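Participant: If you want the building blocks of each chain, they are given just below.
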Amino acid sequence: MDVDLWIKYGPKMLTGLVVTLQLVSVSLFIGALISLPIAMARLSKNKLARGASFAYVYFFRGSPLLAQVFLVYFGSGQLRYPLTDLGLWWFFRDAWYCVILVFSLNTAAYQAEILRGAIGSVAAGQMEAAKSLGLGKLVTFFRVIFPQALISALRPYGNEVILMIKGSAIASVVTIFDLMGASKLAFSRTFDFEVYFIAALMYLIVVEIIRISWEMMDRRLTRHLRPLSEQ
Amino acid sequence: MSELLGLLSYGDTGWGDELLAGFGITISLFLATLPIGLVLGFAIALAKRSENWPLRLFANAYTTVFRGVPELLTLFIIFYGGQIALQNLVGLFSDTIVVDLSAFVAGMIALGFVFSAYASETILAALNAIPTGQAEAARALGLSKARTLQKVTFPQLIRFALPGLSNLALILQKETALVSVLALDELLRNTQIAVGATKEPILFFSIACGFYIVMALFSSLLIGWAENWSNRGQQGAGA
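Protein sequence lines, in the order shown, are assigned to chains A and B.
Numbering-wise, the first sequence is residues 1 to 231 according to this note's numbering.
Numbering-wise, the second sequence is residues 1 to 239 according to this note's numbering.
It is possible that part of the hints are untrue.
[Said to hold, decoys possible] Calculated pairs, SDA-like style, for lysine to any residue (alpha carbon to alpha carbon, straight line, at most 25 Å): (1) B:48 / A:135; (2) B:48 / A:211; (3) B:199 / A:101; (4) B:199 / A:96.
[Said to hold, decoys possible] The calculated label-pair distances, taken between Cβ atoms and stated as ranges, are: (5) A:211 / B:89: 51 to 59 Å; (6) B:87 / A:40: 53 to 61 Å; (7) B:17 / A:139: 55 to 63 Å; (8) A:79 / B:154: 49 to 57 Å; (9) B:128 / A:58: 30 to 38 Å.
Calculated from the structure, these hints are not laboratory results.
Fair warning: this is a prediction, and the values are worked out from it, not measured in the lab.
Glycine is no exception: its CB is placed at the ideal position from the N, C-alpha and C atoms.
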């Protein structure tokens, strides 16, 4: 291994890793906030809300993330003057904000479906019991349904975090120097193929750390569902 | 409005034919990758059940790697790394021949690897879901091993694995878009070219997304039909 190369590009790749982690955590957080009303709309009795949320989810899950990034990043350029008038151009001009926006909207669609499935998996008797105890609708949702739904949502949430980490490499296509972007830069300067293997190893380590900690979390949160002998 | 429609027309002035040609490449890439992924996935699933521990270790490492590394990075490694490896191989025999790994082939291999890593888990679960009594019963009836696989194991395997595999196939359809970064003339790449020439990104990228969504809708219909067919032996389910 070439030592000079790593002195020069090693720190860049580590910075890239931090950028990747920032990108993913910010998008996941914003996506989680957006996903709640979407999941509610998916489960609502209102036809319009159901239809609109279904279309939202279908669009973001049905087309490639890369195409969505291009649509917002390049498409906003076409709307430059209206966006400037609205005082929003600074936001769309910046690839970083565009990517955060698209990733958040995209993961919100997936998270909404996870949430919807999880809420549906809570037994109907729980809702009826809460009602017979005289609990209000909001209290029932946040104190009875939601905590139980989160347990069955945990595993799919973990998968979504991992998919986001892998998917975030796409940001490098629109000039973001995340881990993938930094590796591309190092490769184009040095033609040393090893940088890609190091990048792959770094992604792999992050994904494995998340997978293992998720497994531990899952074991802890579902301990009341296992027989005593296994606890 | 008519101006925008003109941009989409078929022929020299419009981009309709370029987009359709790109869509054709996208579909070909998907259809070429799917069998590779399925066969590899089946082989990896069998390796995970093997009694040979190095084989099991390899299969598990394979899955961990291809499920943990971004598809885009896998694609780059196969494309550039494959090029270098091939060139070195050819270099043993000749100094003048320059090999070129096509983006299509690199995409096929990279996406096939990723697909097979996920598919092997689905197929493994499906294999485990088939009761061992089935194979024993087939043996008691005097069926040969190959016949058992063909007539007893496989039809049930398809039934158990189909929902998971069709999900993966839908993901694969979208992942073909990644190969556009290697300048393969598939749908998204041709859309970018059209945007470069017309300066109409919103129109063209929306249409590209529309193409992918239509493809997903159509595939979902096919999958629903296939699931009904695979459940045909079940009471109260499907046909």
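Participant: Decide, hint by hint, whether the structure agrees.
Facilitator: Outcome of the hint check:
Under the criterion of a C-alpha separation no larger than 25 Å, the hint pairing residue 48 (chain B) with residue 135 (chain A) is inconsistent with the structure, at around 50 Å. Taking the CA atoms of residue 48 (chain B) and residue 211 (chain A), the gap is near 20 Å; set against the 25 Å cutoff, the hint holds. Of the pairs offered as hints, the one joining residue 199 (chain B) and residue 101 (chain A) holds, with about 22 Å between alpha carbons and a cut-off of 25 Å not exceeded. Of the pairs offered as hints, the one joining residue 199 (chain B) and residue 96 (chain A) holds, with about 22 Å between alpha carbons and a cut-off of 25 Å not exceeded.
Distance hint check for residue 211 (chain A) and residue 89 (chain B): the Cβ-Cβ separation is about 36 Å, which falls outside the suggested range of 51 to 59 Å. Checked against the given bound of 53 to 61 Å, the beta carbons of residue 87 (chain B) and residue 40 (chain A), roughly 56 Å apart, stay inside it. Between residue 17 (chain B) and residue 139 (chain A) the CB atoms are about 60 Å apart, so this pair conforms to the stated range of 55 to 63 Å. At about 54 Å, the beta-carbon gap between residue 79 (chain A) and residue 154 (chain B) stays in the expected band of 49 to 57 Å.
The given range of 30 to 38 Å is respected by residue 128 (chain B) and residue 58 (chain A), whose C-beta atoms sit roughly 33 Å from each other.
Checked against the numbered hints above, the structure violates hints 1, 5; every other hint is satisfied.
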